Structures are given as C-alpha cells and as structure tokens.
Amino acid sequence: RPIVGWANDDYFDLDFQGQRILVVGGVYDASSAVQVKQLSQNIQSTDNRSVAFIPDLYPDSDQGRVINEVDLSKFYNSKNTPEFQYLVGWAAYHISDCVVLLRLSDDESVVANNAFVKRFGRSILTTDIQVSAEPLQYCNAIAQASAKFGIGLDVMQLSSKLSISRLQMWIDSISAATTKSSARLDFQKRSSDIGSVVDQLLVVYGRSMKNISYIPALAIMAQYQHRQLGNEKSLTNAELKKLLAPHVRGPLPKNGSAVAGHLALFTAMNATTLDREFQRDCQQRILDVANLFFSEQSQYRGHAMMPFHSEMSDAVFMGGPILAIADSITREDDGPKYAKATISHLQACALMNQLDNGLYQHSPLDPTAWGRGNGFAALGASICLSLLSPKIEGYEQVQQKFIKQINELVKHQDATGSWHQVVDHPESYPEFTSTCMIASAILLGIKTGVLQHDDYRHVIVQAQQATLRRIAPNGFINDVCTGTGKQKNLRAYLDREAIQGRNDRAGAMALLFLTLLHQ
90 RPIVGWANDD YFDLDFQGQR ILVVGGVYDA SSAVQVKQLS QNIQSTDNRS VAFIPDLYPD
150 SDQGRVINEV DLSKFYNSKN TPEFQYLVGW AAYHISDCVV LLRLSDDESV VANNAFVKRF
210 GRSILTTDIQ VSAEPLQYCN AIAQASAKFG IGLDVMQLSS KLSISRLQMW IDSISAATTK
270 SSARLDFQKR SSDIGSVVDQ LLVVYGRSMK NISYIPALAI MAQYQHRQLG NEKSLTNAEL
330 KKLLAPHVRG PLPKNGSAVA GHLALFTAMN ATTLDREFQR DCQQRILDVA NLFFSEQSQY
390 RGHAMMPFHS EMSDAVFMGG PILAIADSIT REDDGPKYAK ATISHLQACA LMNQLDNGLY
450 QHSPLDPTAW GRGNGFAALG ASICLSLLSP KIEGYEQVQQ KFIKQINELV KHQDATGSWH
510 QVVDHPESYP EFTSTCMIAS AILLGIKTGV LQHDDYRHVI VQAQQATLRR IAPNGFINDV
570 CTGTGKQKNL RAYLDREAIQ GRNDRAGAMA LLFLTLLHQ
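Converting from the sequence shown to this note's numbering requires adding 89 to each position, the first position being numbered 1.
Hints should not be assumed to be uniformly reliable.
Straight-line alpha carbon distances no greater than 20 Å define the calculated SDA-like cross-link-like pairs of lysine to any residue that follow [as the list claims (entries may be wrong)]:
no. : residue 1 : residue 2
1   : K168      : R90
2   : K493      : G564
3   : K299      : A347
What the hints contain is simulated information worked out from the structure, not anything from laboratory work.
Note that the coordinates shown come from a computational prediction; the quantities given were computed from them, not determined experimentally.
Go ahead and model the full structure; you've got the sequences and the hints to work with.
And the structure:
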C-alpha cells in the first residue's frame, strides 16, 4: 500500500520562509499512527510554519523495521525497508527543517541526532535532549542517508504517550526557533539562477565522449551552444572539434543510443566558427547514419522504422531526430525522402507504445508509463516536429499525438513541478531526467509554435524550479533513475535505483533544458 501523508501548499512552496516540520508515526509501532492523526487535527500551519503529517510509515506492517547499512544508500530499491528511503528522500527534497518521529515509550525524554541538537538545542524547551548514540537508530540513520542525498535532516523523537498538548508544545517550540536547519543551510548553497547553474554544469559535463552516445552528445551540444553565446565556461571550438572528430568516420552505429549520439554533429555542422571541411564531414556522417533507415530497416504494422528500436518508447528519440535532421539538410535536393521516413518511424513508435490516454508505455511487455520513457517520446517528437515541414503528409497526425501526450503529462506534474518515476503513480519518486526531458519537449514545442505559450507557461516555470532545486554547485544531482531497459511489471520500474550524485545522464538533460531556457 502507498504511504499516505498530507501537507498544505506552503510545504511545497520554495519561497516559504517558515519552518517545515514533518511529523511521522508508525516508525516503531502502528499505535503511534493514531497519535499523528490526532495531532493533525490540533496543529495548524501558520505564517511561521507548515506542518506535514505521515501517520503510518509502514502501512503494510504493524511494526517498524530495523535499518541496515545498505539501506542508507541506493535510494528507493531497498529490499529491507524502502519506506525508510522514501521518507528520507521526500523530507530532503521538500527541505524539511525538522523531522519529528513518534515512538511508543513511557520515557518522556527527547532523543535527537547531533544535527538537531546543534541547530535547535539552545533555542527550544529546556528539557534535556539525549543525543542518539546508535549509528543505525532512526535519528542517526536518517541523518546519514540524507547526507548522501546532499540535504541534511534534523531529527527528533518524542514519546507517543505524551499528551497532545505536550506534543504540540514541542512542535510550537521548533516553529519559533530562528536557527536555520541543516536542510535550509544545504539548500541555500544551491543556486536558483539559471546562468549560474549552467556554468556549474558546463565545467563538469560534456567534456569527453570516448564512445558516441546520446548522453555525452546532449551535453556537448550545450557546450557548443554556450560557446556560440560567448560563455567562457564552455569548451573552445578546438576542444569541441577534438571530441567529435573521431566519430565522423568509422563503423556505423549498432544501437539506438549511438544513433542519437550523432545529434551532436548537427550542432557542430551549424557552428559558424568551425572549418567547412569538418562541417561537411559531420553532414555526410549524419546522412550515412540516417540511411540505416533504408539499409537496415525494421517494420511495425506496415510502418518502416529505424533499426535498433528494441520495441521501446526510447526509439522516438533515438531514431526520429536523426531522420528529421537529414531531411533539413537534403530537403531542397532530395525532396521529402527523409521527412517521409521520419513520419513513418514516429507513427510506428506511437502504434507500438502510445496508450489510449496519450502517455507512452515503455514497451509492449508492460503498460507502465515510465517517466524517462515518456521523456524520450515527448522530446523525440518535439525535435522532429521542430525540423519537419508542416506540409509533409502525416505531420498533423504526429503533432496531434504529441499534443495529446503533453496534455496528459501536464496533468501529472506535481506541486513542485516534477514528473515522477512512473508518471501516473505519484507515490513513486520525483525523477530528475524525465522532468528535464518533458519540460524541454514542451519548451521546444512553444518555441517552434507547435504548442501555445500561454497554455504551458506555468508548467515551464514549475519545471524550472524542480530542476534547479536538485543541482548542487559541484554537479551533484538528486533522484536520477539509473539506466533502464524494458521491464516486466510496474514493481520493477518502481524499484529502479535513484542515483544521488554526479551523473552524466542527469547533467546532459539538465543542460538541455536549462540551455533552452537560457536562449
């Protein structure tokens, strides 16, 4: 069963300056859930605080679980206690100033982690606070796990046998504290300025490409674009040419990721400061890759496709844009050859994986609407529509399917602006790359007139906040789904690890979205 909780709007508002306090029951025993529900009826959010409540952390059990060392990392796929990991991730993502745990105990003493005592110990009630000494006791375990998330959490435990008025007094004292919490201090190190964050990302991502693939390619494209804008943090044109030159010749790609990696050559081909011979080499390589549509063609229900699609929604992005780029290069000389190929590929992808509501399943193996799988579909279609002529036969049909997907995705954007690991399962974690990719698809659609700006302006503003809040100055990024092939069921998608740290895939998608915003 999903973990149920509630909070008012202020808890999700980054501009809210009051204390965010999260009260959690069921950590040790089910009986404390009753107390949390009672508290929620008596404790009101005010201008100085927003209080969120999770009555029962373990709804499938009448007692809590012991935390093991392995539960402190590899977020959300713990075999022992994923609930603990979701608690930490949710509290950290929402910049919770204090996590209050209720435990069944006759002892009225307060137990807290070191961070809580350091931040709040001198400014709240004079009652002695015991510092938890056990490394894997919940207070300390939350602190250790949140440190790996990059947002520290201050935690205290109170006895669930305390009266409601006594519990409320403790929460009132935290609300009145003027000391900044660990979460607040860590979050303030992160910038909300797009230009500053782009600079931070440029010095980490898009600086190598040993093997051609879409991940470094997207970051390299951003490097090129920012060099054209005169950003000194980006690589020089000579450095960028050195990265790409090994990939304009040699064997043709054997997988979709390598096909999409050639998008970087299109950006290089249009860079006015690069020599003409290299630009011609880039152009020819793009056409050679696009011609795989004709030489190694796949078929689905009478529609020809680029090879290497693996029956996944990823194929919209992996195979579609390279064909649309080839059309933009050759349209005047070869007519609609590549445009027709693009439309055929996109129609096959939609027939294979687009659901009746507009979302994309990841593959025919299972109807789960995986977040990044929908990001691939939306972004790939948006790029193609931006390059193709609207007069080409089938364009309108592809456009309508794209708009249908986007409008359904917008319904599932959460209060913080993020999309989730499984789009239509809000209990799954807010996933970073899908947020960047879906927002990029919408923004590109607005820029090219496929989507109407006023209909989606708020969506982009929210997605911008959801992106910036998860990027640390050192390129550390939160909640990035690990590489994922087609899975057999919903549970498998829910259990994919969310990476916390530097990650090339996340950096590339962040640069894609933020560069579109910056232009």
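Right, here's what the structure says about each hint:
no.	hint	verdict
1	K168 - R90	holds, 16 Å
2	K493 - G564	violated, 34 Å
3	K299 - A347	holds, 12 Å
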